[in-house]
Amino acid sequence: MTSNFSLLPTGPLLEGRVALVTGGASGVGLGMATAMARYGASVVLACLRTETGEPAAATLREAGLDVRCIRCDVTVTDDVFNVIATTVEEFGRLDCLIHNAVAGTFTGAGPLTGASLDGWRMLVASSLRASFDCARAGHAALRKAKGSLVLLTSAAGMEGSAAIPLYGVVKAAQRTLGKGLAAEWGPDGIRVNSVAPLALTPAFDTAIAADPSLIKRLEASTPLGRIGDPVEDIGPVAVFLASDLSRHVTGQTLVVDGGGFRGL
Amino acid sequence: MIRTLLVGAGAFVDALCEGLEAQGHVVAVVVPSRKPSAEVTPYDLDTPATGLNVAAELLGYPNLVIHVPAVPAGPTAVINQTVEDWIAACEAPLDEAVAVVRSVQPLLAGRSPAMGGRLVWVLPTTALSGSAGFVATGAACEGIRALAKGTAKQWGADGATTSVLVVDPGVFFAGCEAPLTEGMRDPALASLGRVGDPVSDLAPLLDLLSDPRAAFTTGGTIVADGGTWMAL
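Residue numbers (numbering that gives the first Met the number 0), protein chains in the order written: chain W, 0 to 263; chain U, 0 to 231.
It cannot be assumed that every hint is accurate.
As the list claims (entries may be wrong) - Which residues of chain W face chain U? A few of them, derived with a C-beta cut under 8 Å, are:
#, residue
1, 108
2, 112
3, 115
4, 116
5, 123
6, 131
7, 159
8, 169
9, 171
10, 172
11, 175
12, 176
13, 180
14, 230
Since the hints were made in silico from the structure, they are not lab data.
Source: prediction; values computed, not measured.
For each residue, glycine too, the CB sits at the ideal point set by N, CA and C.
Same shape as in the complex, but just chain U (with noise of 0.2 Å):
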């Protein structure tokens, strides 16, 4: 049995749930809070400590940690931007990764690999590309990004493993009503023809991370797009 703790809130992270539910993972989800503010950094670092601990209480030590960090759906220009925009796309949800890695890292490194031990994000391409009107949350992805990979730097020698999963922008946003930029939401622009739906596409990846036998992958990325983004 694969205990995942799922970290995020909104329609794209209840049809992963629902996917990975349908894996056979148990899934505990923690919706994290924030304070809305104009400082520089919003959030508290170590709180979700405790959200997080008491869903590891209730599920078990977890194979796996999803973190899928809240940005805003619409696409704002930089110089429209007010600081609370900038804060809401860019540094809250960095902060918000941070206090993930804090977080789990008791609850992830320091036991085998074969035990799983192991975090994974779950992006938008815009992490990899920059996307006019998505620039604070994009600076935000490609940040966690790295962090994803200082991370598995850092907990290799405890076993716990990271990964990120990038997908098509409009699977990410699923639900935004907001209009999104030229060649989101375009499955004419996917290799396969769409561009990927949560539960029968997506849940199924992030089941194969939480195997024992994808242990030895760490700090790296997987798009999950149908093929639009290919630069990597």
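Okay, chain W solo, but in the shape it has when bound (with noise of 0.2 Å):
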């Protein structure tokens, strides 16, 4: 059998594509972009707040890298629609989408018949709803470009969750959501993934300031022994996923989380 091993990409993985993440202006999002930047794409970062996102942006650029930051609130629909035409208008392509941002985790926290209905709200907006809005408005570009979009679960989505259940609902469904539209999008080229990565990210560091112990049980059942980081070890996963390396991967769920969930 011959190898066609010679046909995949050896140079800079992503140089002369874009990727535009969403909610990168800090955690997953921020390392996922660096680490796709870093590969060679150009890379917008869509964010809420352009005060951290600017920032971000900058000091990625000075160390070289192809970096802007364009506001997008991912809870108004003109906003993601708006943000992806302005990338594909300014870089003349999109080949990564990465949905990552959402809202509403520890306001729709606790017991489910107490929990905040204005938080239940903010999560099916910004994970639902802006998934189905990224993928309307993405999927012209994604489809030229035969690229890749990726959507951000949890583990909560896989096994429930006690302490925010209804951010676990929203998690699971954008994982079917992502093997639906995999089905769905094949035919056009376009991969469809997600990835759940558990990461030292500051939305990380609101749960542990409510739990100073949960990171020694979290470490404590992390095989790998340490929680992630978010450019370090959750951004390769997106420049694979970005780059033709995972060219025949799409419908799945890749857990980044040093192993502490195994349930797949």
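Dock the two chains into a complex; use the hints.
This is how it looks when you write it as structure tokens:
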């Protein structure tokens, strides 16, 4: 049997490619954006708060990377369409769209009977409706580029969560949304995958602040013994999914948590 | 006597009701109402409590609550969906499921396991695999599976349990005249050679789940599609 390995890229994996990351100003989103930019991609950070997104983009530009920030509230459909249209207009293409932004994780926490409905609505708007909008807005450009859509999910969506059950609900929904889109968009040459990370992020810091013992417990239950770094541990998975190295991977969930969740 | 609240509407729900009554259940069917809207959350999460409480008063405390969320029966590609289509297929069923959890918790939790206290969702296997044309529906149903797990974890100490019964999409969408995607309604794919009858195949499983002897299972999913989907 002849190996086709020579068909796979060996140089800068993402040279000439364009990626957009929602919620790219910090945490996992910034980690993925940074890694893709290091591998040659032009990257747009779609951020609700440009006061944090602009400095993040500037820092990466100072390091010689091609990164810019565009304001986008993912709970506003027009914002999602506009940021994708602007990206395609200014960079000429869109190869990888990562919907990472989420809000309401902790406001929708606690007993279901008393959970904040505002928190639930924000979770649905930022995770699910925004995924739908990203899909609709990004489809044409991704089809043209034979590109990749990545949705952020969570182990909480696979095993359920007592502490943040509604977060688990929307993350589970996003995961099967990705599977369905993979089936629907395969004929267009678009790959759709999900990533379930666990990393040291501002959101994680919030959880630690509420429960300082959490980090020790998580580390103890993680075979690799530590919580991931957004750039060095989660970022390479985004590079993989944005590149031709994953050209035959679609409809899958990559759990990037050091082995803590092994239920798939 | 098993008292069952069946939340849902349509031919599939009617058939489940017939099957449960054949198993000896006393069944009250609660039909959720929805108000069409393009808002993010179109569903009033607390209104269902009224209908469920009225049914519970008529029936007595239920042993079993079954929720069959209403979802569009026909396939639609995501890029052809309007916001209203999306809400009907994804957000409204999720809202409805969250509303059911909030409403029935006082009816089911805090009772002894021997008394029942079980909440079961019936969903299509689209939840597990995703499906072209049913992207939004699949997303909603998998979200509900996670809700079942989270609810099980929260209610465990109160002796109330949850389960999910997933069935063949062709059975779930009974009465739908629209063409379904390839593979659906194909008995040849089922190991048992058929995809299941709500009255004779599925209602007995729901009855089994309502039995006190099933009280030690919670948060789990049972696939009842004749052996088509086996990837769990």
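Going through the hints against the structure:
no.	hint	in the structure
1	108	violated (11 Å)
2	112	holds (5 Å)
3	115	violated (11 Å)
4	116	holds (6 Å)
5	123	holds (6 Å)
6	131	holds (5 Å)
7	159	holds (2 Å)
8	169	holds (6 Å)
9	171	holds (3 Å)
10	172	holds (3 Å)
11	175	holds (4 Å)
12	176	holds (4 Å)
13	180	holds (6 Å)
14	230	violated (29 Å)
Of the numbered hints given earlier, the model fails hints 1, 3 and 14; all others are met.
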